[in-house]
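Let chain A serve as the given structure and place chain B on it in line with the hints.
Number of protein chains: 2
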Amino acid sequence: MTTAPHPFSRVRIIGTGLLGTSVALGLREQSVEVDLEDSSPSRLRLAEDYGAGKSADASTPAPDLVVVATPPDVTASVVTDALSRFPDAVVIDVASVKKNIASAVSSGDGRFIPTHPMAGRERGGPTAARVDLFTGRPWVVCADSAESRGVRALVESLGAVVVQMSPEEHDRAVALLSHAPQAISSAVAAELGDAEASWMNLAGQGVRDVTRIAGSDPELWAQIFEGNSDFVADRIESISRRLDALSAALRDVENPGARTAVHEALQAGKDGVSSLPGKHGSAERYSTLIVVIDDRPGQLAALLTAVGELGVNLEDMSLEHSPGAPVGFVELSVAHDSADALREGLEAQGWRISGDSG
Amino acid sequence: MTTAPHPFSRVRIIGTGLLGTSVALGLREQSVEVDLEDSSPSRLRLAEDYGAGKSADASTPAPDLVVVATPPDVTASVVTDALSRFPDAVVIDVASVKKNIASAVSSGDGRFIPTHPMAGRERGGPTAARVDLFTGRPWVVCADSAESRGVRALVESLGAVVVQMSPEEHDRAVALLSHAPQAISSAVAAELGDAEASWMNLAGQGVRDVTRIAGSDPELWAQIFEGNSDFVADRIESISRRLDALSAALRDVENPGARTAVHEALQAGKDGVSSLPGKHGSAERYSTLIVVIDDRPGQLAALLTAVGELGVNLEDMSLEHSPGAPVGFVELSVAHDSADALREGLEAQGWRISGDSG
Chain A
1 MTTAPHPFSR VRIIGTGLLG TSVALGLREQ SVEVDLEDSS PSRLRLAEDY GAGKSADAST
61 PAPDLVVVAT PPDVTASVVT DALSRFPDAV VIDVASVKKN IASAVSSGDG RFIPTHPMAG
121 RERGGPTAAR VDLFTGRPWV VCADSAESRG VRALVESLGA VVVQMSPEEH DRAVALLSHA
181 PQAISSAVAA ELGDAEASWM NLAGQGVRDV TRIAGSDPEL WAQIFEGNSD FVADRIESIS
241 RRLDALSAAL RDVENPGART AVHEALQAGK DGVSSLPGKH GSAERYSTLI VVIDDRPGQL
301 AALLTAVGEL GVNLEDMSLE HSPGAPVGFV ELSVAHDSAD ALREGLEAQG WRISGDSG
Chain B
1 MTTAPHPFSR VRIIGTGLLG TSVALGLREQ SVEVDLEDSS PSRLRLAEDY GAGKSADAST
61 PAPDLVVVAT PPDVTASVVT DALSRFPDAV VIDVASVKKN IASAVSSGDG RFIPTHPMAG
121 RERGGPTAAR VDLFTGRPWV VCADSAESRG VRALVESLGA VVVQMSPEEH DRAVALLSHA
181 PQAISSAVAA ELGDAEASWM NLAGQGVRDV TRIAGSDPEL WAQIFEGNSD FVADRIESIS
241 RRLDALSAAL RDVENPGART AVHEALQAGK DGVSSLPGKH GSAERYSTLI VVIDDRPGQL
301 AALLTAVGEL GVNLEDMSLE HSPGAPVGFV ELSVAHDSAD ALREGLEAQG WRISGDSG
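Chains as they are written, first to last, in this note's numbering: chain A, 1 to 358; chain B, 1 to 358.
Okay, chain A solo, but in the shape it has when bound (with noise of 0.2 Å):
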């Protein structure tokens, strides 16, 4: 949290969802006053009981910042009927699609600046809503003018990471990293339904992996790839047209070029991952060491714990079961000149290792 004093002294927050309310809690947290607005009552009552601000009234000061967080399809217009009522008021969106409101909204003399916090994956009510809901998320902000410098400024006592970004740039952006990654996560696990039960005890991490996004809500994406149509159909047009060359050189694949060809295809995916920013990414980037645990409370506090004595830094984690023994493997990620003392300082202590990128 900044401890500069704060740029907006009095906000309206129009929809008191999961995002509405989060920022309500957090701009509360920094003594903003905040006054409140939904379409559902009961909704309001309950942001209201959760400590998010007071509902407004027509006697309620105006604003000098208003967050529309409402449903996307009423976006636009809900950001248009507050530049007319708050005329000197700056309104943000949240929306998680902003070409089009961008386009949909006329003027408001640069006071509109579209926003997208990248954080709350599901839907939910004001009782979802956490003051730590942006901390450490990525924020975009559509604009670099003098108005949206008191936004980012906004942004940041929230916790978030502001990204800034054109509307479309943004679109096209999280097309590529959040929309279409749905999309093909939900063909993928689509497939599973023509699997024969007796075959999932094959399934592995990797599947696992792939298809876990397509557990999210389908409502909630349809009205997102809707807003964002084009560009999310671009993404997944050349991702099938990867995939229709791939299948075209196994239908094929005694002919010299296709071996070429599905090496290739490998090849740009492997080059692709490694360009995933931050501590994920490329298994290459860290060494791995399995280690095989009993599936029992405690276990993996136990592990975690003789890893943090050994002094070594995990850089990531995950956590895999088997199929049919009681036992869970911890795939543990370390700094490459780490990984020797910790599968000694492990094995020392007896804990299973079954395997390790060497």
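Worth flagging that the hints you see were computed from the coordinates, not collected in a lab.
Backbone N, C-alpha and C define an ideal beta-carbon position, used for all residues, glycine too.
One thing to keep in mind: the hints can contain errors.
[Said to hold, decoys possible] Covered stretches of chain B, as calculated for chain A (at least 3 residues, CB under 8 Å):
| # | segment |
| --- | --- |
| 1 | 220 to 226 |
| 2 | 237 to 247 |
| 3 | 258 to 271 |
Frame of chain A; chain B shown alone:
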């Protein structure tokens, strides 16, 4: 490990890579005589030094089991050769594709049992071998004959879980559950090459999960795909057709039928992923809680210790890093009826909760 007498008293391992040497180590631990062969003298010496058994020569007694653990492209001919060299031995292979090898091996009077241990994701030499490599992992055995009974006992003695299916059924199952997800993950990851560097801060856990296995070894996977080319192509084409239907709907999103098609594509994915067994799969099976931790050594262990002390059994967990702030996000999955106690207990101790599935 079983305490019954081991079904084989003398085993010949042909190919001392990761799999062959790991089998050898597991057998040595059970005091089985293990003789080793490898086309590479230096790898053979390494495996011997590693305690995997003795290098075989002309005077070595014949084995009652041969384990062929060579690269897949030579497996069928090595198996055929072993069946003729050791006319009283049972012969198994451990290659990851089964139908083409089973068809290529001529008879053997039922002495050849195709198998596939689902362990050891990466290639590696003998020094990557682990006695616990197979612990808790599925191991497909493609026979139900008298000869296969000893093989099943062997597999169980190595800690693995026997799954019985025919070679063709195996290949269809792994095309669906392993090979096609690998191909799709690579195709999505290959798209990331188009991204501008500034977009990458928007990459969340979803795209990371979908593309994680794209970091695998292209050389190894090209061989696997080629060995199972038709079943893999079948799946890839089916997924590509799903994607084409989805992009067609997105190109015509104002058409009322298009919205239904988009929603159904997402719902089919949600239904499919719920068929994955075990502790993972559908997000609805467990309640999830996202805890924000400082990104420094010991925090994860401290959190998991706190979870353990609250008496809550952790069903799953994953770790995510912030793109721009020194914090991490730990997603804890627990049984629905433990979720409230866990959230309240952690909050009381000052842990920062950034979200939960409600």
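Do the hints match the structure? See the list:
Figure legend: the segment 220 to 226 of chain B, annotated as covered by chain A; annotation consistent (4 residues with Cβ-Cβ distances under 8 Å, at least 3 required). Under a criterion of three residues with beta carbons nearer than 8 Å to beta carbons of chain A, the stated coverage of the segment 237 to 247 of chain B is upheld, 9 such residues being counted. Three residues within the 8 Å Cβ limit are the bar, and the segment 258 to 271 of chain B against chain A gives 10, so the coverage statement holds.
Of the numbered hints given earlier, the model fails none.
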